[in-house]
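Engineer: Sequence:
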Amino acid sequence: MLAYILRRLALILPTLFGIILINFIVVQFAPGGPVEQVIAQVTGTAADTTARISGAAGPETGAIGGKYRGAQGLDPEFIKRIEKQFGFDKPAHERFFLMLGQYARLDFGVSYFKDRPVIDLILEKLPVSISLGLWTTLLVYLISIPLGIGKAMRDGSKFDMWSSAAVVIGDAIPSFLFAVLLVVLFAGGSFVQWFPLRGLTSDNWAQLSLAGKVADYFWHLVLPVLAMVIGGFAGLTMLTKNSFMEEINKLYVLTARAKGLSEGRVLYGHVFRNAMLIVIAGFPGAFIGILFTSSLLIEVIFSLDGLGLLGFEAALKRDYPIMFGSLFIFTLLGLIVGLISDLMYVLIDPRIDFESRQA
Numbered sequence: 023m024l025a026y027i028l029r030r031l032a033l034i035l036p037t038l039f040g041i042i043l044i045n046f047i048v049v050q051f052a053p054g055g056p057v058e059q060v061i062a063q064v065t066g067t068a069a070d071t072t073a074r075i076s077g078a079a080g081p082e083t084g085a086i087g088g089k090y091r092g093a094q095g096l097d098p099e100f101i102k103r104i105e106k107q108f109g110f111d112k113p114a115h116e117r118f119f120l121m122l123g124q125y126a127r128l129d130f131g132v133s134y135f136k137d138r139p140v141i142d143l144i145l146e147k148l149p150v151s152i153s154l155g156l157w158t159t160l161l162v163y164l165i166s167i168p169l170g171i172g173k174a175m176r177d178g179s180k181f182d183m184w185s186s187a188a189v190v191i192g193d194a195i196p197s198f199l200f201a202v203l204l205v206v207l208f209a210g211g212s213f214v215q216w217f218p219l220r221g222l223t224s225d226n227w228a229q230l231s232l233a234g235k236v237a238d239y240f241w242h243l244v245l246p247v248l249a250m251v252i253g254g255f256a257g258l259t260m261l262t263k264n265s266f267m268e269e270i271n272k273l274y275v276l277t278a279r280a281k282g283l284s285e286g287r288v289l290y291g292h293v294f295r296n297a298m299l300i301v302i303a304g305f306p307g308a309f310i311g312i313l314f315t316s317s318l319l320i321e322v323i324f325s326l327d328g329l330g331l332l333g334f335e336a337a338l339k340r341d342y343p344i345m346f347g348s349l350f351i352f353t354l355l356g357l358i359v360g361l362i363s364d365l366m367y368v369l370i371d372p373r374i375d376f377e378s379r380q381a
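Adding 22 to a residue's 1-based position in the sequence shown gives its number in the working numbering.
Please note: incorrect hints may appear among the correct ones.
As the list claims (entries may be wrong) - Straight-line distance between alpha carbons at most 35 Å, and here's what the computed DSBU-like set of lysine-lysine pairs gives: (1) K147 x K136; (2) K106 x K281; (3) K112 x K136; (4) K147 x K102; (5) K272 x K180; (6) K136 x K235; (7) K339 x K147; (8) K102 x K136; (9) K281 x K180; (10) K106 x K136; (11) K112 x K339; (12) K147 x K112; (13) K102 x K339; (14) K147 x K235; (15) K339 x K136; (16) K112 x K102; (17) K147 x K106.
No lab work stands behind these hints: they were computed from the structure.
From just these sequences and the hints, can you work out the full model?
Structural biologist: Written as structure tokens, this is what we have:
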């Protein structure tokens with residue numbers, strides 16, 4: 023098992039390198055880079071402000087200004103200073119390896135437009151995304167596992183058919199679309215305003231008692247977490263059901279029943295551990311998936327200042343340090359969690375041997 027772990031750890035660096043390289047190349051061809059973003063801001067300001075920033079503004083566009091959309095009329099020296107500020111005075115390959123050197127020192131740079139270290143911004147937004155990811159994952163498991171077991175034990179019954187209809191509807195409706203519906207119905211969109219629409223806490227949160235703070239926190243979480251749970255419980259429910267159905271039909275279950283064991287003893291003493299292997303071992307991966315992917319649009323819709331909203335704004339503004347820094351951290355975390363998931367499989371069922379499979 024140690025050799026398998028070492029191989030997986032050795033693959034992390036080339037995998038990280040490949041993912042960062044591919045994304046870096048794609049971004050180089052994307053229009054509207056940070057230099058163009060600043061040019062757009064400058065050309066949208068008053069003429070005296072432009073002159074004050076650039077030092078001069080000639081009627082002709084230089085060769086440098088011609089590279090950027092909307093640079094007509096700006097002093098080429100001003101554009102050179104912008105390029106130097108963002109590091110675009112260097113070739114792309116040089117910028118790429120300089121970035122990798124910074125990441126090797128765990129230095130993720132400073133945001134172009136927020137003027138703060140990227141790691142500080144990520145740590146500041148992380149609690150919001152962890153709140154969404156943790157509570158969503160826990161609720162998804164608390165709903166899906168009992169529901170999946172119930173469906174497996176009552177396969178073909180009316181309960182199975184009606185619950186399957188709910189699962190299909192939950193799987194078909196995207197989380198963000200359900201979030202919009204919740205806003206319209208319960209957050210003052212068109213009907214009632216029972217729940218807040220912005221943030222995870224109220225403005226007077228600091229003045230509330232401990233019980234009031236807890237209640238206020240969960241009051242703000244209701245709609246975003248509910249929207250994410252709807253999109254996540256369907257797949258896990260069917261996975262649980264199918265896993266139980268497969269185990270129930272195995273020979274050892276028939277043998278246990280033939281020995282006169284009660285149905286509860288057979289189900290929870292024999293079937294549950296084997297059937298729950300894939301479900302429970304997948305918990306870390308499910309949490310990371312919900313934390314870094316499913317919450318993006320939810321955070322935007324509910325104005326939650328988390329990692330999803332941070333990444334969304336960074337992509338719009340082409341804030342490359344945030345984009346690549348968060349990509350590096352999340353990819354590294356995802357690779358490590360993938361290894362942890364494999365180790366959990368072995369912990370839950372020692373019969374699994376990844377090393378022999380690699381051989």
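Engineer: Does each hint hold? Answer for all of them.
Structural biologist: How the hints compare with the structure:
Distance check on the hinted pair: K147 and K136 sit about 14 Å apart at the alpha-carbon level, within 35 Å; holds. A distance of roughly 79 Å separates the Cα atoms of K106 and K281; the hinted pair therefore is violated under the 35 Å criterion. For a cut-off of 35 Å, the pair hint linking K112 to K136 stands: about 22 Å separates their Cα positions. Taking the CA atoms of K147 and K102, the gap is about 33 Å. The hint holds against a cut of 35 Å.
A C-alpha spacing of about 25 Å is found between K272 and K180, which places the hinted pair at or below 35 Å, so the restraint holds. Distance hint between K136 and K235 is fulfilled; the C-alpha atoms sit about 30 Å from each other, no more than 35 Å. Between the alpha carbons of K339 and K147 the distance comes to roughly 18 Å, so the proposed pair stays at or under 35 Å and holds. This hinted pair checks out: K102 and K136 have alpha carbons roughly 21 Å apart, not beyond 35 Å.
Pair hint K281 plus K180 holds up; C-alpha atoms about 30 Å apart against a cutoff of 35 Å. This hinted pair checks out: K106 and K136 have alpha carbons roughly 18 Å apart, not beyond 35 Å. Restraint check for K112 and K339: satisfied, since their Cα atoms lie roughly 21 Å apart, inside the 35 Å limit. Between the alpha carbons of K147 and K112 the distance comes to roughly 31 Å, so the proposed pair stays at or under 35 Å and holds.
At most 35 Å may separate the alpha-carbon atoms for a hinted pair to count; K102 and K339 meet this at roughly 20 Å. For a cut-off of 35 Å, the pair hint linking K147 to K235 stands: about 19 Å separates their Cα positions. Taking the CA atoms of K339 and K136, the gap is near 11 Å; set against the 35 Å cutoff, the hint holds. About 11 Å separates the Cα atoms of K112 and K102, which keeps this hinted pair within 35 Å; it holds.
Taken as a hint, the K147 and K106 pair is honoured in the structure, with Cα atoms around 29 Å apart against an allowance of 35 Å.
Hint violations for this structure: number 2 only, all remaining hints satisfied.
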